[in-house]
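Asker: Read off the chains here:
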Amino acid sequence: MKVIVCVKQTFDTEAKIELKDGKISEQGINLIINPYDEVAVEGAIQLKEKGVASEVIVVSAGSDKAIDAIRTALAMGADRGILIKQDTGADEYARAVALATAIKAENPGLVLAGHVAADDGASQVPTRVAEILGFPHVNVITGIEIADGKATCTTEADGGSAVIEVAVPAVISSQVSWNEPRYPSMKGIMQAKKKPVANVDAAAVENKTKIIEFSLPAAKTAGIKIEDEVDVCAAKLADWMLNTVKIQVK
Amino acid sequence: MAGTWVFVEQKDGNIRKVTFEMLSELKKGGDEVSAVLFGKGVEGLATDLAKYGADKVYVADDDVFAAYNTGAYVAQITAMIKEYKPNCVLFAHSFNGRDMASRLAQKLDAGLATDAVAAEITAGKGIFTRAIYAGKAIAKVEVAGDPVLATIRPGVWDVGDTAGAGEVVKPALAVTPADVYQVQKSFAATVSARPDLAEAAIVVSGGRGCKGAEGITLVEQLADVLGAAVGGSRASVDSGWLGHEYQVGQTGKVVLPNLYIACGISGAIQHLAGMSSSKNIAAINTDTEAPIFNVSDFGVVSDLFKTIPLLIGELKK
Ligand SMILES: Cc1cc2nc3c(=O)[nH]c(=O)nc-3n(C[C@H](O)[C@H](O)[C@H](O)COP(=O)(O)OP(=O)(O)OC[C@H]3O[C@@H](n4cnc5c(N)ncnc54)[C@H](O)[C@@H]3O)c2cc1C
Ligand SMILES: Nc1ncnc2c1ncn2[C@@H]1O[C@H](COP(=O)(O)O)[C@@H](O)[C@H]1O
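Residue numbers (the working numbering), protein chains in the order written: chain F, 747 to 996; chain H, 696 to 1012.
Fair warning: there could be bad hints in the mix.
Quick list of in silico lysine-lysine cross-link-like pairs, DSS-like style, CA-CA up to 27 Å [unchecked claim]:
1. 896(F) with 906(H)
2. 746(H) with 966(F)
3. 706(H) with 762(F)
4. 992(F) with 974(H)
5. 723(H) with 735(H)
6. 1011(H) with 971(F)
7. 794(F) with 835(H)
8. 794(F) with 996(F)
9. 802(H) with 992(F)
10. 802(H) with 723(H)
11. 982(F) with 746(H)
12. 996(F) with 974(H)
13. 996(F) with 735(H)
14. 880(H) with 906(H)
15. 865(H) with 835(H)
16. 802(H) with 748(F)
17. 971(F) with 762(F)
18. 794(F) with 941(F)
19. 762(F) with 974(H)
20. 896(F) with 1012(H)
21. 948(H) with 906(H)
22. 996(F) with 835(H)
23. 712(H) with 723(H)
24. 971(F) with 1001(H)
25. 982(F) with 974(H)
26. 735(H) with 992(F)
27. 948(H) with 996(F)
I should point out that these hints are in silico values taken from the structure, not numbers from a laboratory.
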């Protein structure tokens, strides 16, 4: 079974955000694979190691720089990549159409993704891809078993954990607690350089949403800090909680 | 205008607070506000929904809706949207809300703003404010559509007390067997006497400074005195002291309580992403240089093992 993993290149989670000409500046930003997508790549590689997946293909839509995210996944153990050239201003709809078009051409047995992108993450793209392809989907999984044409997924749900079964092909999105992604080995990094990456152009579709303004939040100012004996600290903190925040004690 | 809809988040007959927040906020706008309620044996909830502003309550009551099911729920609401033509449909930004809203949006070939913290809704158009890059930037997104679709972050709006008429409307069932493409095999509810992390008014969180189960127990004791939820940093989760569902931050949950108390948490940028919008922040940390003090309203530089028991004593006085 061919497994496709959608990987988005995102800003490093440590990145300091600045605006330039009213847009989020990419200047000096370290780019990484979205942490959730790294987990999805690991999940796909484990399916290959178990003999469930025959081939792991990573697909990313973005600028030329997104090749680095693909190479990282290849170094972890994915077999080949597809880079969809797309304006980074594409919205969730346009990205889903671009991804679904490339995925459809591969006729996969399973599509994996992250459940949310850690940058401007919307938690939309995998579900949209599933709808376009006419596949079932399951979001926010922490485990998966594939057998008899079905994917049985453990998911993090509202107020607990659910086990959900769908027929494959399906689109499945990851929670970070699914697995611990491996670090690419030196050998993996060398091999990744030789693995094939196809370049395709994004399907030409218009965005459905429009960003009308970016801004930065007001900087938070530090408040009161008490450095004193511990009983004084505790008393002052209790006083603040009761009289300033006005909490109720059970 | 054909009014605004709020999709009701309920499980086993318990309506989540975010539903009331959305109804209350929309009620201020003056347009007709409707609640859309799917479930089994749930019609009785209509009175609660009316209390917080629902002029109409659309009730789809059937076995197929007993548990959340994306395909069934989306098929039903799609048919209802075609029939009743709402101007806007809001969902909670929860596991189910965002799952349903994204599948619906794509089915309708429409845009969707997720995890919005503010909304301006007019006919055929919504402008939604989203906190992006883990709260390090803010984007205003315009969603044009018929209806306008968005998911709203829990806790950003207050629950009001303006009631609506609560007229019950029963739409026709529009689900076919093919729509039920997911089968829920089991559901294990998190058993906890504490409030849900995403909705709690007070959250007490423990980090690596808790050093192990003993420190986490102190955090839990403080939480119980306050009727608070327990949370943690990734360090506590990775150490196995707390399950991932308790993680606050960029790769965990975003919380918006009235009071957040960080115990033994340094305040890494990825942790701040999940809690820095809390209305009041307190920190207990032995390191006067810890970055958590840069965002806290009230910080004490002290050992949590000594401070928490004394704090509990003071609070109980
Ligand atoms: C991609 C990515 C995603 C991440 N996502 C998240 C996320 O969602 N949530 C998250 O929390 N982190 C996340 N992290 C991890 C984050 O970078 C930090 O490593 C983590 O938040 C540190 O947890 P901590 O504050 O508990 O531990 P530390 O940074 O080790 O801080 C422990 C603190 O405890 C204090 N302390 C020690 N002893 C005591 C005592 N006796 N009494 C009081 N204070 C004491 C110390 O002074 C210190 O400040 C992420 C990292 C990455 C790379
Ligand atoms: N440009 C992209 N290229 C590849 N995958 C993407 C892209 N955008 C989103 N995805 C996938 O969809 C998931 C959720 O993204 P989002 O809906 O933007 O939060 C990500 O974790 C990726 O797996």
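Asker: Confirm or reject each hint.
Answerer: Outcome of the hint check:
no., hint, in the structure
1, 896(F) with 906(H), "violated, 42 Å"
2, 746(H) with 966(F), "violated, 37 Å"
3, 706(H) with 762(F), "violated, 39 Å"
4, 992(F) with 974(H), "holds, 12 Å"
5, 723(H) with 735(H), "violated, 30 Å"
6, 1011(H) with 971(F), "holds, 23 Å"
7, 794(F) with 835(H), "violated, 42 Å"
8, 794(F) with 996(F), "violated, 53 Å"
9, 802(H) with 992(F), "violated, 47 Å"
10, 802(H) with 723(H), "violated, 30 Å"
11, 982(F) with 746(H), "violated, 40 Å"
12, 996(F) with 974(H), "holds, 21 Å"
13, 996(F) with 735(H), "violated, 35 Å"
14, 880(H) with 906(H), "violated, 38 Å"
15, 865(H) with 835(H), "violated, 36 Å"
16, 802(H) with 748(F), "holds, 26 Å"
17, 971(F) with 762(F), "holds, 26 Å"
18, 794(F) with 941(F), "holds, 17 Å"
19, 762(F) with 974(H), "holds, 23 Å"
20, 896(F) with 1012(H), "violated, 58 Å"
21, 948(H) with 906(H), "holds, 22 Å"
22, 996(F) with 835(H), "violated, 40 Å"
23, 712(H) with 723(H), "holds, 17 Å"
24, 971(F) with 1001(H), "holds, 17 Å"
25, 982(F) with 974(H), "holds, 19 Å"
26, 735(H) with 992(F), "violated, 40 Å"
27, 948(H) with 996(F), "holds, 25 Å"
Hints 1, 2, 3, 5, 7, 8, 9, 10, 11, 13, 14, 15, 20, 22, 26, counting from the list given before, are not met by this structure.
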